[in-house]
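Undergrad: Chain by chain, the residues run as shown.
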Amino acid sequence: MISKPKGYRGTYLVVNLSDETIIKRESDFSIIKKFLGGRGWAVNYLFENIPQGIEPLEQQNILAICLGPLTGTLAPSSARYTIASKSPLTGGIGYSNAGGHFAPELAYAGYDAIFIHGKAKNPLYLFIEDDTVELRNASHLWGKDTWETDHKLKEELSDKFQILCIGQGGENLVRYAAIMNNLSRAAARTGVGAVMGSKKLKAIAVRGTGAVEVAEPTKFMNIVQETLEKIYDDPAYPSLSYYGTPFLVDLAYISGGLATRNNQTGIFEKYEEISAETFDEKYKVKSESCFGCPIHCGKYSKVDSGKYSGTKGGSPEFETIVCLGSKCGVGNLAAILKANELANKYGLDTISLGDTIAFAMEAYEKGIITSKDTDGLELKWGDDDVLIQLIEKVAFRKGLGNLLADGTKRMSEKIGGGSNKFALEIKGMEPPAYDVRTAKAFGLGWATATRGADHLAALPNFELLGYKPQKGIEWFGSEKAVDPFAWEGKPRMVVWHENFGAIVDSAEMCKYTCFSAYAVKPEDMVLFINYATGWNLKPEEILEMGERIYNLERLFNLREGIKKEADTLPQRFTKEPLPEGPAKGQYVELDKMLPEYYKLRKWDLKTGIPYKSLLFELDLLKHAEKYDLICKEGD
Amino acid sequence: MSQKQVKRIFVQKEKCNGCRICELRCSFEHEGVFSPALSRIYIHKEEEEGITIPKTCVICGKCIDACPENAISKSEKTGAIFIEESKCSGHKDCVDACPYNVMSFNLSFNIAFTCDLCDGNPQCVEYCPEQALHYMTAKEFALYKKSEESKITKPEIIPE
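Protein chains in written order, with the working numbering: chain X, 1 to 635; chain E, 1 to 160.
It cannot be assumed that every hint is accurate.
[Unchecked claim] Pairs of lysine-lysine residues, derived as DSSO-like cross-links and limited to a Cα-Cα distance of at most 30 Å, are as follows:
| # | chain 1 | residue 1 | chain 2 | residue 2 |
| --- | --- | --- | --- | --- |
| 1 | E | Lys15 | X | Lys160 |
| 2 | X | Lys282 | E | Lys74 |
| 3 | X | Lys284 | E | Lys151 |
| 4 | E | Lys45 | X | Lys421 |
| 5 | X | Lys312 | E | Lys145 |
| 6 | E | Lys55 | X | Lys152 |
| 7 | E | Lys15 | X | Lys312 |
| 8 | X | Lys380 | E | Lys154 |
| 9 | E | Lys15 | X | Lys302 |
| 10 | X | Lys152 | E | Lys146 |
| 11 | X | Lys230 | E | Lys45 |
| 12 | X | Lys154 | E | Lys154 |
| 13 | X | Lys421 | X | Lys282 |
| 14 | X | Lys230 | E | Lys62 |
| 15 | X | Lys230 | E | Lys154 |
| 16 | E | Lys151 | X | Lys302 |
| 17 | E | Lys145 | X | Lys154 |
| 18 | X | Lys312 | E | Lys154 |
| 19 | E | Lys145 | X | Lys282 |
| 20 | E | Lys45 | X | Lys302 |
| 21 | E | Lys77 | X | Lys284 |
| 22 | X | Lys302 | E | Lys92 |
| 23 | E | Lys145 | X | Lys230 |
| 24 | X | Lys160 | E | Lys154 |
| 25 | E | Lys154 | X | Lys468 |
| 26 | X | Lys154 | E | Lys45 |
| 27 | E | Lys92 | X | Lys282 |
| 28 | E | Lys7 | X | Lys154 |
| 29 | E | Lys45 | X | Lys160 |
| 30 | E | Lys62 | X | Lys282 |
| 31 | E | Lys13 | X | Lys160 |
| 32 | E | Lys151 | X | Lys312 |
| 33 | E | Lys92 | X | Lys307 |
| 34 | E | Lys55 | X | Lys302 |
| 35 | E | Lys45 | X | Lys282 |
I should point out that these hints are in silico values taken from the structure, not numbers from a laboratory.
Sequences and hints are given; from them, build the entire structure.
TA: As structure tokens, this is what we get:
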């Protein structure tokens, strides 16, 4: 057994809600050295412990919360955690990643991970105060929203506790329910909140007074200092830091990809009303940072007048402004802030929520559903009253909300009428904000992402940053790699980003540090990991680790029946060119990119199964053999 | 050293975003580990209202009066609170006396601890990404607050 390196805490918790047992185990570093931590460790645990073919909302599903080797240190923006389960939205691998202040608190309490099995008879919450770990009654919290839960637990325990919890969305098994911490930080995607709700686990309250040590403190602090300087020197830093992600609304508008009315167009006539400038002038109060982050893209905002007066809280992010705003035709930023506040309180993923509402609005526009199906509501584009009412209906699964709560794919299957043509989902999950017809690497990344329509699996920002063509050749072998409208060079770009991204998520650093400023590249990341742990990894070894994690997610999906055909885009992005604006005529040339992507991945072109030789190299052969997922090159 | 010349840490709370880099840097500087519980500075937060206020020693001296062992004095070099560890017997009277909750207690060593201004080079001030912390005399801070330099500048939305 490999002895505990510094950086990690060395202990993890296995909680079984069915028999209310808690076991403390020593972290197994022979596994962690293969998967690093965070997302990688979580995915491996799920692969090995979830039986094939279970329903995601059954008690056999597992909720895995994993930290990384840098959690709780001064490594910039390293306070994230991954929470993973089999997804109730896709039926495949589900995971979500959030910042805030929860992860470091868990590290200071002394734990690397929590694996939650089973299902409680009555609502429970998990109490962690350093060595003391208990399951406690949460009946008095059930039915409360995430803010009330946070408030109540802090009142009962102490305001020094960090609270992770679900709201009514998770309790009512909304398939895209989020898990929230620090009121506005959401592990939102893939429906992890519904899994937590199905287990009747309301919250985790943690307080840690311990310390995290690193193996080589002086070298560690030097690389921290160097990285901070790189982040502060990045040209995009002042904007991301001051405006937060809302500055991307402006970027999307300029490129002609500001998703509008369920992506019918990329030009939103009310753009100015939802722009970063409007947000800053009217609503932003101040920045609100995750733990240890020099970027602090989070913003605290407030509405002081009008019908949404009293609305307050963290952000909204770019994704939220578009998905609950322009995609629904809503150009009233105060209404979007209110919608964001409600989604945070109920614990709902603002992306899937907004997208499903936008889908319903288009179905209504086309007459596939009528006011008979909508509890009398007229689902007209841009009606903010309807938007707000629908969010409440979703959280409590009332009326039309019951249909919306299952997501776009299931709703489209139910209402039929050719609605699948504009049902925007991949593998069952709804797509993020940026219209990929104006960013082709993002388009490929959505299609290949293991958790469905997902901008973060690859997050190939490289194509958007206005780099010189020479840099495109150096990094990805094509001068066109720097042109967001071009497809050339993008398969290589996506593979690199997916592999390194898996490591970023497993080290639990923020992708904005790694993929916005490219301040932390593999050769830098390896130094953070080595100086924290005392290991001697090489950059190519961590990239291989990332490739291993990505392929294991692929294997998980394949064993659950998600096949190559699911690596696709809704036809709106491949067959319907953007109708107007600077990107008029653009669509995603997916058929040109996918074969090259599979080739680079060493996946079989016909079946999408990773070749045996690759799995051998990545030490994943046993994982694949167990489920007969073996494909030899040339078969 | 006259009171007017003494530098201490001043806080611009409107600039603080609650990142707690100061807490991490402080515990590392003094203990060689990352641990907010061992930090001399902390961020008071009220998340629902968006409130984040750095709290650290303002050298009011109430702990000096409270200590039954006369273990606490002011450093001759910096004016910071100085705790003679060999004299501290863990009464915690200083912790109770501190109006700002910035006299902390190390349970492992049974001694009180608070900000020592890093012997004149406070690292929380160095590392604050927003320049929300300032190591100045009262007069310097009053002048700074009036200067343009102290304001938050608004950048271009889309950088060149």
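Undergrad: Hint by hint, note whether the structure agrees.
TA: Comparing the hints with the structure gives:
no.: 1; hint: Lys15/E to Lys160/X; result: 22 Å, holds
no.: 2; hint: Lys282/X to Lys74/E; result: 47 Å, violated
no.: 3; hint: Lys284/X to Lys151/E; result: 16 Å, holds
no.: 4; hint: Lys45/E to Lys421/X; result: 48 Å, violated
no.: 5; hint: Lys312/X to Lys145/E; result: 28 Å, holds
no.: 6; hint: Lys55/E to Lys152/X; result: 25 Å, holds
no.: 7; hint: Lys15/E to Lys312/X; result: 19 Å, holds
no.: 8; hint: Lys380/X to Lys154/E; result: 37 Å, violated
no.: 9; hint: Lys15/E to Lys302/X; result: 17 Å, holds
no.: 10; hint: Lys152/X to Lys146/E; result: 41 Å, violated
no.: 11; hint: Lys230/X to Lys45/E; result: 29 Å, holds
no.: 12; hint: Lys154/X to Lys154/E; result: 36 Å, violated
no.: 13; hint: Lys421/X to Lys282/X; result: 38 Å, violated
no.: 14; hint: Lys230/X to Lys62/E; result: 43 Å, violated
no.: 15; hint: Lys230/X to Lys154/E; result: 20 Å, holds
no.: 16; hint: Lys151/E to Lys302/X; result: 21 Å, holds
no.: 17; hint: Lys145/E to Lys154/X; result: 35 Å, violated
no.: 18; hint: Lys312/X to Lys154/E; result: 22 Å, holds
no.: 19; hint: Lys145/E to Lys282/X; result: 25 Å, holds
no.: 20; hint: Lys45/E to Lys302/X; result: 17 Å, holds
no.: 21; hint: Lys77/E to Lys284/X; result: 43 Å, violated
no.: 22; hint: Lys302/X to Lys92/E; result: 41 Å, violated
no.: 23; hint: Lys145/E to Lys230/X; result: 29 Å, holds
no.: 24; hint: Lys160/X to Lys154/E; result: 33 Å, violated
no.: 25; hint: Lys154/E to Lys468/X; result: 27 Å, holds
no.: 26; hint: Lys154/X to Lys45/E; result: 12 Å, holds
no.: 27; hint: Lys92/E to Lys282/X; result: 47 Å, violated
no.: 28; hint: Lys7/E to Lys154/X; result: 36 Å, violated
no.: 29; hint: Lys45/E to Lys160/X; result: 10 Å, holds
no.: 30; hint: Lys62/E to Lys282/X; result: 43 Å, violated
no.: 31; hint: Lys13/E to Lys160/X; result: 20 Å, holds
no.: 32; hint: Lys151/E to Lys312/X; result: 24 Å, holds
no.: 33; hint: Lys92/E to Lys307/X; result: 51 Å, violated
no.: 34; hint: Lys55/E to Lys302/X; result: 25 Å, holds
no.: 35; hint: Lys45/E to Lys282/X; result: 23 Å, holds
When each numbered hint is compared with the structure, violations occur for hints 2, 4, 8, 10, 12, 13, 14, 17, 21, 22, 24, 27, 28, 30, 33.
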